[in-house]
Amino acid sequence: MSALTGHPRPREARGVLPWLAAPALVLFVGFAVIPLFGVFALSFTTWDGIGAIRPSGLTSWRKVLTNPGLPHALWVTFLVMAVSWAVQTPLSILLGTFLAGRQRYRAVLGVVYFIPLMLSSAAIAIAYKALLDPNFGLGAGLKIHALSQDWLGRPGLAFGVVVFVVSWQFIPFHSLIYQGGVQQIPKSLYEAAQLDGAGRIRQFFSITLPQLKYTIITSSTLMVVGSLTFFDLIFVLTEGGPGDATRVLALDMYKRGFQASLMGPASAIAVILVLLGLSLALLLRRLGGRDAGASQLEGV
Amino acid sequence: MALSRRTLLGLAAGVPVSAALAACGSSGPGKSGGATYWYLNGQPQEGVRASAVAAFNKAHPKEQIKDTTYQNDAYKTKIKTAIGAGRAPTVIWGWGGGTLRTYVEAGQVEDLTPWFEEHSEIKKGLFPSSFGAATVDGKIYAMPCETVQPIILYYNRKVFEQVGVKPPQSWDDIMALVPRFNAKGIAPFALGGQSRWTNMMWLEFLFDRIGGSEVFQAIAEGEKNAWSNPAAITALTKVQELVKARGFVKGFSSITADSNADQALLYTGRAAMMLHGAWSYGIQQADGKDFVSSGGLGYMTFPPVEGGKGDPSDTVGNPAQYLSISSKAGAEQKKTAKDFFATGVLQDAEVQKWIDNGSVPIRLGTEKLLAASKSADFLKFTYDIASKAKVFAQSWDQALSPTAAETLLDNIVKLFQLSVSPQQFADNLNAVTAK
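Sequence lines, in order, name chains A and B. The opening position of the first sequence corresponds to residue 0 in numbering that gives the first Met the number 0, with each subsequent residue numbered one higher. The opening position of the second sequence corresponds to residue 0 in numbering that gives the first Met the number 0, with each subsequent residue numbered one higher.
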């Protein structure tokens, strides 16, 4: 994680920069790279998590790839990823653009919007679980019939609740990214557009959105790759249920590894997760064009 | 916004790093120093366990036990992970059976057979039936402790009076009661379905009442196609009929037993009945205000099923709880643990506390104490079930290996959701339990 690509740096900085990365590198190797190889090795073994680890070739992989649970978990993971992206992105862009204004009340609102991000996922999940309880929750307590649905007990509803809670939690973060992105757009662009008679909506679609291209890619990458690791929230909220309606890949891995004591197949799923995350991140980079460092401000 | 590929990868990796760091927070026990002991939290049981440890620590200033508590469902994974990582506590609390067998096969727990030979008076002082689930291939690997916990059919007397009906004497009675309660807006049965083992208790009884104890016995012994036994298919069909008749509380599949929401449904009168472990009595007593003391809580054994072969005295549940000693512990720790077994477990004070909480401790000769308790009726009821049952079967998820148990629990949820048919359920399980 040394120099940013595509930007020449002053000569004297080059000798120091790699050393600055050393602490992060040590942590990264110790907690990400080495375990990654460990998991890869474990996926070719049979291990119940307690006894001896026995090499067993491709047995675990065969078990995972022929299990109907895998396509289902992949599908649920993809759905959570796609739907929560589709919900979060437009809302975050709008909120971010709104918050980028200089008015004082917007700054106050910005602080309020930011609150969900400061709560831990487990706490959010427990709170929502209590609120949505069909017998003792919000709907039953306030006697509002429309609210006393079996929110977490019916497959479609439970999925919707998961997407809603995920969005509620992460929209503030992405709004913040977009707020920063919008504030970097030069005022002169808007002034020129105003002179040409463009209205607010036209300005948004012709200036703000195109200028946010790389911000959108960054935010989408975080959303998409991040959604692969949704675990705590779903685990506490629904435990993958009802049945397997919200059992995403990460949860499937945990259940097989730690509840069913099948560490081999669980490791194979972990490898699939890593590969999926890397390829998605690379794919999103490609969408941004060959030279992601290119300026958007040519001619300004 | 220039972002290098490496930065992205770093970001992607950042999530697992922080998760891994967070997971490292709890420090495992070391080899020296005092012994460690992990058990379940949740009152009133937690208090009894904690005071037994405190009393032992006070009486043995040189042998200290450090106790840590966990939530039931979380503990089941936590303890397996800790044992696998060689960081097990000295004293391992558990349910015996299939899980204990995996510990034994991995050489992770101490063989207590010689110790029990040396201390035969301890073995003779406990319910003989409690040793079955502690024994693997003829050797004893755990000390039975705490209480006997058969599964009991509880009901709310006030709700039954209000609706003007009598407790069910048969399965047909149950099915006839369901519409009566539903018509009054009362759920016939409370159920914490997200915890899965709660649903399992229904199958345990239906299998037994319809086909006798041999049906599950064959499954546990790994017989081929044991789940396809006609009695098993009938039992699975019956439970789905009950679900379809709206026999269980609305939203049961998102209720967890750890939150005691299912118990609350019964004592608040929103549900009429509940099938649950004997420990539920203590929870109703502690949380239900005057529900138990005013005679609101009724209890009975699971009724027979018309035309079924099972003996109505048969029961299922936990014959006891179990304490094992980690084979990875230091010599000093093992000695402390054994002294705790001999002079700290089920001592008079602990026995009295269990009885006060409405449980039957597995120590023999407590009839007088039971009769003197304010919960004497319930205790006599539990004691009679435990001592007179022709077969006291162990809970299925504890009797089977963890891998088979997970498939079982998974499919039970789908069965209750009506997303698998009885036949598919049997096929899915035949594949994992046959040897």
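Simulated from the structure, these hints should not be mistaken for lab results. Only a predicted model underlies this, so the values are computations on that prediction, with no experimental measurement involved. All C-beta atoms, glycine included, are put in the ideal place defined by N, C-alpha and C. Please note that a few of the clues may not be correct.
Unchecked claim - Under 7 Å between C-beta atoms, here's a sample of chain B residues computed to sit facing chain A:
#, residue
1, Ala73
2, Thr76
3, Lys79
4, Ile82
5, Pro127
6, Gln193
7, Lys413
8, Leu417
9, Ser420
10, Gln423
11, Asn429
12, Ala430
As the list claims (entries may be wrong) - Mimicking DSSO-like on lysine-lysine, the simulated pairs with C-alpha atoms at most 30 Å apart in a straight line are:
#, chain 1, residue 1, chain 2, residue 2
13, B, Lys77, A, Lys62
14, B, Lys77, B, Lys367
15, B, Lys434, A, Lys62
16, B, Lys123, B, Lys288
17, A, Lys142, B, Lys288
18, B, Lys434, B, Lys123
19, B, Lys157, A, Lys142
Status of each hint after checking the structure:
A distance limit of 7 Å between C-beta atoms decides the matter here; for Ala73 of chain B the minimum to chain A is near 10 Å, and the interface restraint is violated. With a cut of 7 Å, the hint placing Thr76 of chain B at the interface with chain A holds, because the nearest CB-to-CB distance is about 4 Å. The interface hint given for Lys79 of chain B holds, since its Cβ lies 6 Å from the closest Cβ of chain A, which is under the 7 Å cut-off. Nearest Cβ of chain A to the Cβ of Ile82 of chain B: about 5 Å, under the 7 Å cut. The hint holds.
The criterion of a C-beta within 7 Å of any C-beta in chain A is not met by Pro127 of chain B, whose closest approach is roughly 29 Å, and the hint is violated. Against a cut-off of 7 Å between C-beta atoms, the interface hint on Gln193 of chain B holds, since the closest Cβ of chain A lies about 6 Å away. Annotation: interface hint on Lys413 of chain B holds; nearest CB of chain A at approximately 5 Å, less than 7 Å. The beta carbon of Leu417 of chain B is not positioned within 7 Å of any beta carbon in chain A (closest approach about 10 Å), and the interface hint is therefore violated.
Hint status for Ser420 of chain B: violated, given a least beta-carbon distance of 14 Å to chain A, over 7 Å. Here the hint on Gln423 of chain B is broken, as its CB sits about 12 Å from the closest CB of chain A, past 7 Å. The beta carbon of Asn429 of chain B is not positioned within 7 Å of any beta carbon in chain A (closest approach about 16 Å), and the interface hint is therefore violated. With its C-beta approaching chain A no nearer than about 11 Å, Ala430 of chain B sits outside the 7 Å limit, and its interface hint is violated.
Pair hint Lys77 of chain B plus Lys62 of chain A holds up; C-alpha atoms about 25 Å apart against a cutoff of 30 Å. With a C-alpha separation of about 39 Å, the suggested pair Lys77 of chain B and Lys367 of chain B falls outside the 30 Å cut-off, and the hint is violated. Note on Lys434 of chain B and Lys62 of chain A: the hinted pairing holds, with a Cα-Cα distance of about 17 Å set against a maximum of 30 Å. Using a Cα cut-off of 30 Å, the hinted pair Lys123 of chain B and Lys288 of chain B is violated, with the two alpha carbons roughly 39 Å apart.
For the given pair, Lys142 of chain A sits about 24 Å from Lys288 of chain B by alpha-carbon distance, which is consistent with the 30 Å threshold. Straight-line distance between C-alpha atoms of Lys434 of chain B and Lys123 of chain B comes to about 35 Å, which puts the hinted pair past the 30 Å bound. For the given pair, Lys157 of chain B sits about 24 Å from Lys142 of chain A by alpha-carbon distance, which is consistent with the 30 Å threshold.
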